[in-house]
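Novice: Please build the complex by placing chain H on the supplied structure of chain B, with the hints as guidance.
Residue numbers (my numbering), protein chains in the order written: chain B, 1 to 222; chain H, 1 to 222.
Hints in this document: simulated from the structure, not taken from any laboratory. Nothing here was measured: the structure is a model prediction, and the numbers come from that model. Worth double-checking, as some hints may not be accurate.
The list makes no distinction among identical chains, and a pair is therefore deemed to hold if it is satisfied within one copy or across any two copies.
[What the hints assert, rightly or not] With a Cα cut of at most 25 Å, we get these calculated BS3-like pairs of lysine-lysine: (1) 189 - 202; (2) 189 - 138; (3) 189 - 104; (4) 91 - 138; (5) 210 - 11; (6) 91 - 202; (7) 23 - 104; (8) 33 - 11; (9) 91 - 186; (10) 23 - 189; (11) 10 - 138; (12) 10 - 33.
These are the residues of each chain, in order.
Number of protein chains: 2
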Amino acid sequence: MTVSLTAAAKKRYSTKAYDPDRKIPEADIARLKELLRLAPSSVNLQPWYFVIAASEEGKARVARATDEAYPFNSPKITDASHVVVFATRLKADDEGFLNTLLEKEAADGRFDADPEQFRADMDRGRRMFISIHTGQRKDAFDWMDKQTYLNMGQFLLAAAQLGIDTTPMEGVDTDVLDREFGLTEKGYKAAAVVSLGYHSQKDFNAALPKSRLSEDAIMETV
Amino acid sequence: MTVSLTAAAKKRYSTKAYDPDRKIPEADIARLKELLRLAPSSVNLQPWYFVIAASEEGKARVARATDEAYPFNSPKITDASHVVVFATRLKADDEGFLNTLLEKEAADGRFDADPEQFRADMDRGRRMFISIHTGQRKDAFDWMDKQTYLNMGQFLLAAAQLGIDTTPMEGVDTDVLDREFGLTEKGYKAAAVVSLGYHSQKDFNAALPKSRLSEDAIMETV
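With the rest of the complex left out, here is chain B:
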């Protein structure tokens, strides 16, 4: 079942309590994983990694990142159906990774029309933007972290359209997640966590109206 675009955006809200007995169908999980993979990123860098906790053990491991500093968030993890840890690459100018991206783009057929030229152009363009961030701006990690958040935005809307409730949580100790899932060694840092599932009857937030600033306050047309 999918909900229309605007209806989904209106209905979506941060779930505060999940029904621990309801599990997301595998077909929906597969669609969401595909969306995580397909999300766009600057210069196609795909600077992200996802740990998907689908088991009780997996969720308990994620909840170690909330038990001490943000205990009010732990039940939103352990009672959810699935939990996704969003993580961001630590290093942008990694030769091995840049070559992996180029090889994948070549294998996927993006350079077929003129393999040498297109491949060189893509590599040069990507390195130009990376060097802006590693060099003059010195914000390479934050730049990549923003791509991870862009992915998260797409993910939250997609889940809502599948009728799945979500809770994006920055109230997690990302250092604990890095250690728990060996993210640092893999070259990533945890950014935030999104719980997925179906809200329980105890979720006070489910019935509350959404509040947003008016269009006048946040946009203008020129």
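Specialist: This is chain H only, laid out in the frame that chain B set:
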């Protein structure tokens, strides 16, 4: 016309050339504006502002941010149907703004069940997260900028579902945009630009296959 979720994510790509004669219907623009407004953000901070260039003059003003440093991006702005400048708040701990948010949440009915208590809880929770970022982490602007990117991710997927082509562009001189649209005085900094419209026959990228890393490379299930 809306496209299904996965189909939209697969079809979406960064448009390199727009058909200058095709305009997005007003009904679709209205839906996209509503989505910009409804997007979620940490502690409902909504730390964003949007300049929507809908006229030739408006687009020409946006293109001043690419003409010098990124001239290859200028036609993607001037030939598009509409262009959205995404901007982020400069200051998180702004008393006036925090009160505006609380007042709006009250007016929208979020505190009705227990106005004093709910209002105080919301204010305290929001200030706690803001103080983490203004205080120990000293990353308040980047934190807010990430919310803007989250909004952008939702926006790109939504546009694709409406059959609208997009080009997210970081290759813009954000200082020029800040001056051109008085964003600094309004309390914001431009983050990036998204062009919207319909690709032209000259867009080499329209027919190229999408390339993404495999699921194995970017995710694991625990």
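Novice: So, for every hint listed, does it hold in this structure?
Specialist: Do the hints match the structure? See the list:
1. 189 - 202: This pair counts as neither: shortest intra-copy Cα distance 33 Å, inter-copy 40 Å.
2. 189 - 138: both (17 Å within a copy, 18 Å between copies)
3. 189 - 104: within (23 Å within a copy, 35 Å between copies)
4. 91 - 138: both (12 Å within a copy, 21 Å between copies)
5. 210 - 11: within (8 Å within a copy, 31 Å between copies)
6. 91 - 202: neither (42 Å within a copy, 35 Å between copies)
7. 23 - 104: neither (34 Å within a copy, 35 Å between copies)
8. 33 - 11: For residue 33 and residue 11, both the intra-copy (22 Å) and inter-copy (16 Å) Cα distances are at most 25 Å.
9. 91 - 186: within (11 Å within a copy, 34 Å between copies)
10. 23 - 189: Classified as neither: same-chain Cα gap 28 Å, cross-chain 42 Å, threshold 25 Å.
11. 10 - 138: Intra 38 Å, inter 33 Å, cutoff 25 Å: neither.
12. 10 - 33: both (23 Å within a copy, 13 Å between copies)
In summary, the numbered hints that this structure violates are 1, 6, 7, 10, 11.
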